[in-house]
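One line per chain: the protein sequences are A and B, in this order.
Okay, so the first sequence: first residue is 1 according to full-length UniProt numbering, each after it adds one.
Okay, so the second sequence: first residue is 1 according to full-length UniProt numbering, each after it adds one.
FYI, nobody ran anything at the bench for these hints, they're computed from the structure.
All values derive from a computational prediction rather than experimental measurement.
Every residue, glycine too, gets a C-beta built ideally from N, C-alpha and C.
Keep in mind that the hints are not guaranteed to be accurate.
As the list claims (entries may be wrong) - Examples of chain B residues lying across from chain A (beta carbon under 7 Å, computed):
| id | residue |
| --- | --- |
| 1 | Ser51 |
| 2 | Ala55 |
| 3 | Gly71 |
| 4 | Thr73 |
| 5 | Gln80 |
| 6 | Asn99 |
| 7 | Gln103 |
| 8 | Val106 |
| 9 | Thr151 |
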Amino acid sequence: MKKSGHDSLFGSGGKFHVNEKGYYGEFGGAFIPEMLYPNVEELRQKYLEIMNEESFQKEFHQLLKDYVGRPSPLYFAKRLSEKHGAKIYLKREDLNHTGAHKVNNTVGQILMAKRLGKTRIIAETGAGQHGVATATVCALMGIHCVVYMGEIDIARQAPNVARMKMLGAEVRPATSGSKTLKDATNEAIRDWINNPVDTHYIIGSAIGPHPYPDMVTRFQSVISEEIKWQLMEKEGRENPDYVVACIGGGSNAAGTYYHFLDEPEVGIIAVEAAGKGIDSGESAATSALGKIGIIHGCKTMLMQTADGQITEPYSISAGLDYPGVGPMHSHLYTSGRAEFYSATDDEAMTAGLELSQLEGIIPAIESGHAFAIFQHKKFKPDDVVVMSLSGRGDKDLQTYIDYFKI
Amino acid sequence: MNRIQQKLREDKKLLSIYFTAGYPSLKSTVQIIEDLEKNGVDMIEIGLPFSDPLADGPTIQESSTAALKNGMTSDVLFKQLKDIRKTVSIPLIIMGYFNPVLQYGVEKFCKKCHEIGIDGLILPDLPLDVYESDYKAIFEKYGLLNMFLITPQTSDERIRQIDKASKGFIYMVSSASVTGSKSGFGKEQEAYFERIAALKLANPQIVGFGIKDIETFEKATRKAKGAIIGSAFIKFLTENGTGNIHSFINKIR
Numbered sequence: 001m002k003k004s005g006h007d008s009l010f011g012s013g014g015k016f017h018v019n020e021k022g023y024y025g026e027f028g029g030a031f032i033p034e035m036l037y038p039n040v041e042e043l044r045q046k047y048l049e050i051m052n053e054e055s056f057q058k059e060f061h062q063l064l065k066d067y068v069g070r071p072s073p074l075y076f077a078k079r080l081s082e083k084h085g086a087k088i089y090l091k092r093e094d095l096n097h098t099g100a101h102k103v104n105n106t107v108g109q110i111l112m113a114k115r116l117g118k119t120r121i122i123a124e125t126g127a128g129q130h131g132v133a134t135a136t137v138c139a140l141m142g143i144h145c146v147v148y149m150g151e152i153d154i155a156r157q158a159p160n161v162a163r164m165k166m167l168g169a170e171v172r173p174a175t176s177g178s179k180t181l182k183d184a185t186n187e188a189i190r191d192w193i194n195n196p197v198d199t200h201y202i203i204g205s206a207i208g209p210h211p212y213p214d215m216v217t218r219f220q221s222v223i224s225e226e227i228k229w230q231l232m233e234k235e236g237r238e239n240p241d242y243v244v245a246c247i248g249g250g251s252n253a254a255g256t257y258y259h260f261l262d263e264p265e266v267g268i269i270a271v272e273a274a275g276k277g278i279d280s281g282e283s284a285a286t287s288a289l290g291k292i293g294i295i296h297g298c299k300t301m302l303m304q305t306a307d308g309q310i311t312e313p314y315s316i317s318a319g320l321d322y323p324g325v326g327p328m329h330s331h332l333y334t335s336g337r338a339e340f341y342s343a344t345d346d347e348a349m350t351a352g353l354e355l356s357q358l359e360g361i362i363p364a365i366e367s368g369h370a371f372a373i374f375q376h377k378k379f380k381p382d383d384v385v386v387m388s389l390s391g392r393g394d395k396d397l398q399t400y401i402d403y404f405k406i
Numbered sequence: 001m002n003r004i005q006q007k008l009r010e011d012k013k014l015l016s017i018y019f020t021a022g023y024p025s026l027k028s029t030v031q032i033i034e035d036l037e038k039n040g041v042d043m044i045e046i047g048l049p050f051s052d053p054l055a056d057g058p059t060i061q062e063s064s065t066a067a068l069k070n071g072m073t074s075d076v077l078f079k080q081l082k083d084i085r086k087t088v089s090i091p092l093i094i095m096g097y098f099n100p101v102l103q104y105g106v107e108k109f110c111k112k113c114h115e116i117g118i119d120g121l122i123l124p125d126l127p128l129d130v131y132e133s134d135y136k137a138i139f140e141k142y143g144l145l146n147m148f149l150i151t152p153q154t155s156d157e158r159i160r161q162i163d164k165a166s167k168g169f170i171y172m173v174s175s176a177s178v179t180g181s182k183s184g185f186g187k188e189q190e191a192y193f194e195r196i197a198a199l200k201l202a203n204p205q206i207v208g209f210g211i212k213d214i215e216t217f218e219k220a221t222r223k224a225k226g227a228i229i230g231s232a233f234i235k236f237l238t239e240n241g242t243g244n245i246h247s248f249i250n251k252i253r
């Protein structure tokens, strides 16, 4: 039975949701220089109103259905379930157009940008998935698109750079700092400061100044909205025992958790990237290594020195290589609502190979981190565990080849 | 009265200089401040370097990265400035991003500033509402002024709000840009300068971003009380070192 309506666009007002000032507990807010204030304030005032317009919802859901290919299947992974002794379902965001969950948000934000009268789009990207998803919707709408990408990521994600260019986007290298996602985000913010009138910044994760974390989460919440009715069809219940997702900035996780936040019987599990190990100095496990601070316009957990300088993260997966985590997730962590784990490069790669060979699905390395949960936590045989399979592994083939010497 | 407020009463156009503490070398901070005062600079913004300076262009980004590599931290800066009031009497402002201040502890940071004789702070990413609700009392306890920014996109209504919250000067960003990116002022800037002058604000305005020489300084201060030079001065230090700061300042003063 399919649930009707579009309730993913309406907040429930629960204690794990954003409050009217833009905070999740003590996290969030808009710590932005005055140059960004008019743009962010315009968005803050209008985003809910625009999202709740009937014409907006109609266009958004039509595009998700006909262009993205939603609903994405909820697939019972029989062999993986047998191996790990639980009823494991995969939410197949990897089957979306462009190969990951990122497109749910870019479809929403491009429609938002159009209604705000913006004629130029900027975005940051790490692995290139959000860049491709942004370039895609800009091509669809005929809007000029500039994507900032760290110089190092440009080198390690060459196929996605080519895809963005083919889609007509301009890819600008970020050459400052660590030359990865954090620096690409800095450059995108600087571009927005320089182009305050005609430009909309499509942030790809559940980060940034309020209202971005909430807006991105609402667009991604279609994931958990679908899980509810799909699980009802398959299991006769809306709520699983657990939902599991990987977290970099945290957009796929935010969408996967959203409709379960206020359902205490649903366990929420987050898996961060431990890189070469939490204590190795080469890690991106923000909850374990971070402290509260300000990054990219919001107050959240982030990895930093005692002096407040933001440190360089590391993960084999470019999409998780970020020194902070979205403010909603910081709140889920500190409040104890979610269980946080971290998976090393090795554990994530092993989990990716296992999924490939047991289910015939090659996941993105980001998603591989989520599947490494089975190396850390033992579930009960009748536990229903829904895994966010956030992206497909095509973009990571070279990394898999090098790692496994295939 | 705070030194900034006193300075703003003087009957002249004020020249303020921004530089990054710990650049070009870790130990150049005090010498640069002393030389700037000797050569007739009215006010100094001491930049506390940050790893991710969102509102800055390449020049200040690079000087910040270099300063951090040189070993600059909040603690080191405070140690360097310990005796600064024995030799320097012009207003000194620390300008930086909010995270390093937050990690140091806002109260502890303000207390240190007070002990040293710092007169105010400019923290572009500390928003007005958060300042007023969480930190204003602390700043006032230690006699520190907090300067806010306005830009050509800031609405009159918000400018009035900022004016009301300010007790020193308003930092008037000259154009929609990060630091160091515009050269020269056109019609757009002039219209903006006129608009702000017509608002007859309670606080004087000091213009920043895009001022690099006598021509831009004069244009910027036709209506405003003063102007800040940042990137152009840092470029000068990069090219000429710290030995002849007078030759840069004398072209403007």
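The hints, checked one at a time:
1. Ser51: 4 Å, holds
2. Ala55: 4 Å, holds
3. Gly71: 10 Å, violated
4. Thr73: OK, holds: B/Thr73 within 7 Å of chain A, min 4 Å.
5. Gln80: Given a least distance of 15 Å, the restraint on B/Gln80 is violated.
6. Asn99: 4 Å, holds
7. Gln103: 3 Å, holds
8. Val106: 11 Å, violated
9. Thr151: With a closest approach of 5 Å, the B/Thr151 hint holds.
When each numbered hint is compared with the structure, violations occur for hints 3, 5 and 8.
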